[in-house]
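Chemist: Got chain A sorted already, so can you dock chain B onto it with the hints?
Those sequence lines, one after another, are chains A and B.
Counting with numbering that gives the first Met the number 0, you get residues 0 to 372 for the letters of the first sequence.
Counting with numbering that gives the first Met the number 0, you get residues 0 to 403 for the letters of the second sequence.
Among these hints, one or two may not hold up.
To be verified - Listed next, the in silico DSS-like pairs over lysine-lysine satisfying Cα-Cα at most 25 angstroms (straight line):
(1) A:K273 / B:K73
(2) B:K73 / A:K289
(3) B:K337 / A:K289
(4) B:K317 / A:K304
(5) B:K336 / A:K275
(6) B:K337 / A:K304
(7) A:K164 / A:K223
Rather than coming from a laboratory, the hints here were simulated on the basis of the structure.
Only a predicted model underlies this, so the values are computations on that prediction, with no experimental measurement involved.
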Amino acid sequence: MMNGKVSGIIFTNSNDSALKEFTSFRSMASLPFGGRYRLIDFTISNFVNAGISNVGVITNQNYSSLLDHLGSGIYWDLDRKNGGLSILPPFISGSKNNVGELDAADRAVEYINRNNSEYVVVCESGTVANIDVKAVLNYHIEKNADITFLYRTSEKTDKFDRTLKLKLDDDGKVIKISDTKQSDEGGKLTMGFSIFTRAAFSELVNMASKVNTKDTFVSVMTKKFSAYNIFGYEHTGFVGVMDSRKAYFETSMELLNGDIREQLFNRKRPVYTKTKDDMPTRYGTHSSVKNSIIADGCIIDGTVKNSILFRGVRVRKGAVVENSILMQGVEIRENTKIKYVASDKNAVIGGKDPIKGTNRKAFIVKKNQTLID
Amino acid sequence: MSRKECVAMLLAGGQGSRLGVLTGKLAKPAVPYGGKYRIIDFPLSNCIHSGIDTVGILTQYKPLELNDYIGSGKPWDLDRSNGGVHILPPYQGKKGGDWYKGTANAIYQNLGFIDRYSPEYVIILSGDHIYKMDYSKMITAHKKSGADCTIAVMEVPLDEASRFGIMNATQDGTIYEFEEKPEKPKSNLASMGIYVFSYDKLKKYLTEDNEKEGSSNDFGKDIIPAMLNSGEKLMVYRFSDYWKDVGTVDSLWEANLDLLNPKIHLNLSDPNWKIYSRTSALPPQYISDTAQVENSLITAGCNISGNIDYSILFENVKVEEGATVEYSVVMPGAVIKKGAVVRYAIVAENSLIDENATVGQEPDYKDAQKWGITVIGDGVKVGKNAKIGANKMIKKEVKEGEKI
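In isolation and in its complexed conformation, chain A is listed as follows (with noise of 0.2 angstroms):
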């Protein structure tokens, strides 16, 4: 429908410091989230849905695991001969900024030249939701804003650095951006989601280059939104705001409420990935599961209660899994009790003396660590 006229762009790095424990080796985007999806897939799966296939993705750091997952853009129906998805690395755009969120931001603005399209979809990473796009680019339209943030209503601030504080008139005009750092205190905020007209995401990038501080969207975007039309569109369905380890754990949880699985796996926009072509999951004699999301490919001859099962887990025989959230190929061993744990990819947990961690704070294993007392 709108094809060639909106890009979507993603930087996969943003928030990359919120949530280190599991983005140390790979970006905020690659984020492993609901049992078989990468953080990216939700964002990717957003613009399909609304018809956008023109895919820019900015890559700063630590990008093999996203490439891999990305591949040709298949999964997304975006390997394209006219647009589909663009991987944008750092020393592509012949940019004088040094590799960062300038550099990034040139890429950006190349990208969407070079696309000549005439409205631009930014999305940062660390949020989960899943977005009516094309409602909110009809709003842009119809309202002929300059920008667009996607706000969603909320009693504190998360403490990703490039949230805003909206405030709105009755129209839905921004009349006021402040900082979220000074204070905890919630209202209407961004999400990482806003739509840009062309002219208007080039001359800010333009202005940011020239200002010389570390936060320069946030200062930009607080001193200069007067001299534009920007408005606030408010998302009231589910969103997950990775800003923390507590966060990515609590969050993750939510999805055992059956609600919050119909919105953010919404029929009429599904959610797609990358396919492994894992068999389906083998649930052995014994085996008890309660309250779970288990994905493909997993082997259960143990108990699991109240826990998220990525792809191709192995819960052995007299093992419990309480409250749990085990990343692709993790294995726990025969009689192995382990609960509040949140487990990187294919780690190996074993022991007599089970392994905790509180609801406050999830006990982490590291990726391919193999934890046997």
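Modeler: Same frame as chain A, now just chain B:
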């Protein structure tokens, strides 16, 4: 087109009438199997893992769903600019067209397709068997022996041999006689319906067969006997891993439940020989607080609150609290409502088993002849409190409280 050493031709046109309501709307190769597969995923995955990237699929009966499923061949890595997967339905030529009259005729009508790749060998496959096989080993054996045709066989119990096409062969594997379903079998080597032909010989015998009056144009009945009569070299290729013909309701049910039997070796999770399939974008399965799940295979999109034992559940199946599913196969999108009991049954796609209905029955050894697997056809609704016994084939809605 550049040359291919071997082209595969997959016979997928059979009606599969013995599967009854399960093939009412789709061809047998498109019948769901094993929780997330279709039967045709097996020969297609075998092809790509065996290095065969050019596959012609011969379709005839109810091809719509099958065509849709195959698409560009992407899920099997068979979307190629040179080779790849091609659907070959019957077509009209200058002299008019015709339905495929038999398996051999289907290949004969598509010699033009094969010619484009000028292969040395052609492997003929069928779309109704569950097995994992490295065809490249069979082709190597064919080359080594210098045969004109090599036929894959497996040993079956002698008392069951009369159900199969039987190859009588010498010690070294040279076939001297072929008998289709013999009353008194002389050997227990059953044909698996997998043939490797040297292409020049295949072309010659297909062309001759086409001109023969009264031929049934069938590989087993006509081509193989004609080659034997002319003294061509036909060899057996022995195969001893898992292989199952899923042409009947009972065998389809058995082949599904075989996946739950640790003694039966059909490993679908071997990373070096994955079985590929076309999958939908679905969230992972959710198993609720009230569920009890053992000895089963369950896949994406399922929502389970009932009791599941010895069963295979396909995508998007919903089993409500207090419902029981045992020794059954439940195909995509089916819903089993509260208190319903499904035992020894195959429930086809998108059917609904309403509250407290009973479907199927455990084996009754006093009357073993009459017992059998019950099948609920696709999209069929079984009303509240209805009771459907063993060995039933249900095509249309069953009313509330009805007994069948």
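Chemist: Quick one, are K336 of chain B and K275 of chain A close enough, alpha carbons at most 25 angstroms?
Modeler: violated (31 angstroms)
Chemist: Holds or violated: K317 of chain B and K304 of chain A, Cα atoms, limit 25 angstroms.
Modeler: holds (20 angstroms)
Chemist: Has the given pair, K73 of chain B with K289 of chain A, been kept, meaning a C-alpha gap of at most 25 angstroms?
Modeler: Not OK: K73 of chain B and K289 of chain A at ~36 angstroms, beyond 25 angstroms, violated.
Chemist: Sort out whether K304 of chain A lies within 25 angstroms of K337 of chain B, counting only the CA atoms.
Modeler: Holds, at roughly 23 angstroms.
Chemist: Under the criterion that the straight-line Cα-Cα distance not exceed 25 angstroms, is the pair K337 of chain B, K289 of chain A satisfied?
Modeler: holds (18 angstroms)
Chemist: Take the C-alpha atoms of K164 of chain A and K223 of chain A, compute the straight-line distance between them, and say whether it is at most 25 angstroms.
Modeler: Answer holds: K164 of chain A to K223 of chain A is near 15 angstroms, not above 25 angstroms.
Chemist: Does K73 of chain B sit within 25 angstroms of K273 of chain A, going by the straight-line distance between their CA atoms?
Modeler: holds (13 angstroms)
Comparing the model with each earlier hint shows violations of hints 2, 5; every other hint is respected.
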